[in-house]
Every structure is written in structure tokens, then in C-alpha cells.
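Protein chains in written order, with our numbering: chain G, 1 to 259; chain B, 1 to 122.
Hint data in this document are derived by calculation from the structure and do not stem from the laboratory. We treat Cβ as the ideally placed atom computed from N, Cα and C, and that holds for glycine. Hints are supplied without guarantee of correctness; some may be wrong.
[As the list claims (entries may be wrong)] Quick list of simulated restraints, FRET-style, between CB atoms:
| no. | chain 1 | residue 1 | chain 2 | residue 2 | range |
| --- | --- | --- | --- | --- | --- |
| 1 | G | T39 | B | R114 | 35 to 45 Å |
| 2 | G | D163 | B | D18 | 52 to 62 Å |
| 3 | B | H105 | G | R146 | 23 to 33 Å |
[Claimed, not checked] In silico EDC-like pairs for lysine to aspartate or glutamate, Cα to Cα no more than 20 Å straight-line:
| no. | chain 1 | residue 1 | chain 2 | residue 2 |
| --- | --- | --- | --- | --- |
| 4 | B | K3 | G | D154 |
| 5 | B | K5 | G | D154 |
| 6 | G | K69 | G | E209 |
| 7 | G | K9 | B | E39 |
| 8 | G | K133 | G | D159 |
| 9 | G | K59 | B | E10 |
| 10 | G | K59 | G | E48 |
[To be verified] Computed footprint of chain G on chain B, listed as stretches where at least three residues anywhere in the stretch have a Cβ under 8 Å from a Cβ of chain G:
| no. | stretch |
| --- | --- |
| 11 | 14-22 |
| 12 | 29-42 |
| 13 | 49-57 |
| 14 | 73-86 |
| 15 | 106-113 |
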Amino acid sequence: MKTKEVEKKKDQLKPPKIVSPKEWEAARQQLLVKEKELTRARDSLAAERRRMPWAAVEKEYKFEGPDGKASLLDLFDGRRQLIIYRAFFEPGVVGWPDHACVGCSMMADHVGNLAHVNARDTTIVFASRAPQKDIKRLKTRMGWERVPWYTITDDFDKDFGVDEWHGHNAFIRDGDKVFRTYFINGRGDEAIGTTWSYLDITALGRQEEWEDSPKGYPQTPPYEWWNWHDEYGSDEASAKVLEQIRRGRAAGQAGGDAK
Amino acid sequence: MTKHKTGTREEWLHARLDLLKAEKELTRRSDELAQQRQELPWVKIDKEYQFETDDGKASLKDLFRGRSQLLVYHFMLGPDYTAGCPSCSAIADGYNGIVVHLANHDVMFWTISRAPLAKLQA
């Protein structure tokens, strides 16, 4: 919205109700009940996603990546799970060849350090129809170097519901066998971008003990698997994190909200 | 890991469309809650707070940078910390790219800590 329009809108605001800090806190506590209800509802929806049947992917798809040809299996990069975000960057899309579609670009701006999702055995990639040389140029200019970004060369977009509109497809593999597990698009995409929102659309979830998951799923205590993005794999840093998290939980900071 | 239930493309699609109703319901519920947040009363802040920023001393009002709204994230990094708290660091890993979108939507976003500025810039 242009500044002028914002100013005009602000003039039309109904005057806010001004209260004392005590009254505000009481109102906030009331709303907090609903905030927690919404969080629980989101958790239980994620639990239902984990109970979706898995659909085997039988067709062989071919992508182009920075290192040449890649199969769907290659996109997993050795991890157990894969999320593919279909971003529109190709001839015919507004902004080409300087920009990807404006909404898709905003999604890319939301992708943080992927080390955290990777630590849960999950890979995130973007896929578009543009050739790799254009993708490389775009990534450098927009500061998206960390996002693995592949070129679609066949019916992948049509087969997975992303030939006309953006969306996130989630996959899992069992050895070399690949299954489609979930699909998020439309306004569902708005909520995606944090480590937790990515993991919540995967078949295995956040892989934390409190989650309502089918029996036998990989699960570890919440908070304790996190690390600084440049310290994953370091025992010394993990021990330091663990000590700090446990101290925090003992003091009732983190643990209270985990329930 | 146990064997998970698999289905055909059609069965999968059927299950997804079923779940899509719940997805949309959650989106609406989340919109409704945001609406209620907007209806909360406001509290006037009378105390003068002072922050240190890259551009020198700043009051709470200065942090708005001319915008009408301000979001402040408290990042746990005290003077005696050798590194930022791991969960705050993981959260900070995610928000760098969105600040420009908020700033252009009349919302200023800041991260604050107790550590001296020299330590934050290091």
C-alpha cells in the first residue's frame, strides 16, 4: 500500500481504547487462552497430516541442478524427507528475467538458514522452469544463495498440482522408493517459512517426543536438538546448548510453553 | 520405523481433500484470532526508555523510524554470554529477509538484547 493510502486509512481508524497496564494484561491473558487453543489446533492438524497415506511416485522425473541432471531421488540430497516449493521464475512470468514472481520472491525471502531443517533429516528445495544460468544469477542478486534451486524439465509441475500456481509438495523416501506425503498451497503457503512450519507439513513432523505420531516414529526431546546453525555436528556445542536449555527449563522458561 | 499406510494417487487425493477442510478451518480461525488481537485495548507508555543502536542513542519512539507500528524481539544475549541463546539464534536465522517487507508495510522490526552494542556488532 502507498504511504498516502496508509495515512488515509489511519485517519479512518476508530479511536483505540486506552487502558491501564493491569487492564491490558487481563485482556491479554484472556486472549492467551485462545492463542494456546490455536497452537494446539495447529499441532493436531499436523498430527492428522502425519496419518495421511503415502502415494508412491512411480514416474521418473528429471531436473537440472547446479551440478547437472538430477532425479527426484537426487533432490533429497541423502536425507529422508524432501519439500519442493514450486516458484514461478521463467519466461512469461511478470518480472522475467530480472525477477521471479513477486509472491514467490517473498517466499524465498522467508527461507532462513536451512541447517535447522536439515538437522531433522529434511531437505528443502525450490523448483522453477528457468534455466540454471538464470537461476544462478537470480540467487546471487537477491541473496538466496543458500536455497537449492532446480529446473523443472518435464511434467513434474503438472503431476504435482503446481503448473499454474505455487505450492509446497512434501515427500519421504524409503531407500530408493519415493512417496508423496503432503501438499500445501494457496493461503496455506502464507504460514510456511519457519523451521517449525516446514517440519509440520512433513510426514515425520518435528520428530519431538510430545507429538502425537504413529508408533515407532523418530522422536527426541523438544528444544534439545537445536543448535547454532554453524555448530551442528559439534559435540562440544551440543553439550553447551543442552546445559543451557535444561537450565532454562528447570527455571520454567522454555518448558512451561512446551506442554 | 513401522510400515506406513500407502495409497494410490486417487486415495491420497481423497484423503488430502478431506484434510483440506481442516486446513481451511485453521486458516480462518487464525484470521479470527488476529482480528481479536487488533481489538485489544492499548496501554500508553509514559516511561522514557533509552537504547543503543548502530546510529547512536535512541528512544522507544525513535525505534519506529517514522512508521506507525513497531515489533521488538528480545534476543537473549547478556553481557556475560559468549554466544546468543540457541533458540533465539534459530529464530533470528529466519527473519532477516522479511524486515524489508514489514518496513514497507508501515511496521518497523527490531531485535534487542542486554549485551553492549560492541558485542552485538562483533
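Cross-check of the supplied hints:
Between T39 of chain G and R114 of chain B the beta carbon distance is about 28 Å. The supplied range of 35 to 45 Å is therefore violated. Restraint check, D163 of chain G to D18 of chain B: a C-beta distance of roughly 23 Å breaks the suggested window 52 to 62 Å. A C-beta distance of roughly 25 Å is found between H105 of chain B and R146 of chain G, which places it inside the suggested range of 23 to 33 Å. For the given pair, K3 of chain B sits about 31 Å from D154 of chain G by alpha-carbon distance, which is inconsistent with the 20 Å threshold.
For the proposed pair K5 of chain B and D154 of chain G, the alpha carbon gap of about 29 Å is over 20 Å, so the pair is violated. This hinted pair does not check out: K69 of chain G and E209 of chain G have alpha carbons roughly 38 Å apart, beyond 20 Å. Distance hint between K9 of chain G and E39 of chain B is fulfilled; the C-alpha atoms sit about 16 Å from each other, no more than 20 Å. With a CA separation close to 25 Å, the supplied pair K133 of chain G and D159 of chain G exceeds the 20 Å bound.
The suggested pairing of K59 of chain G with E10 of chain B holds, with an alpha-carbon distance near 16 Å, which does not exceed 20 Å. Our distance criterion of 20 Å between C-alpha atoms is broken by K59 of chain G and E48 of chain G, whose separation comes to about 27 Å. Given a C-beta distance limit of less than 8 Å, the hint that chain G covers the stretch 14-22 of chain B holds, as 4 residues qualify and 3 suffice. Here the stretch 29-42 of chain B counts 8 residues with a CB under 8 Å from a CB of chain G, which clears the bar of 3, and the coverage holds.
Coverage of the stretch 49-57 of chain B by chain G is violated [criterion: at least 3 residues with CB-CB distance below 8 Å; count 0]. By the rule of at least three residues with a Cβ nearer than 8 Å to a Cβ of chain G, the coverage given for the stretch 73-86 of chain B holds, with 4 such residues. Beta-carbon proximity to chain G at under 8 Å applies to 1 residues in the stretch 106-113 of chain B; the threshold of 3 is not reached and the given coverage is violated.
Violated hints, listed in ascending order, are 1, 2, 4, 5, 6, 8, 10, 13 and 15; each of the other numbered hints is respected by the structure.
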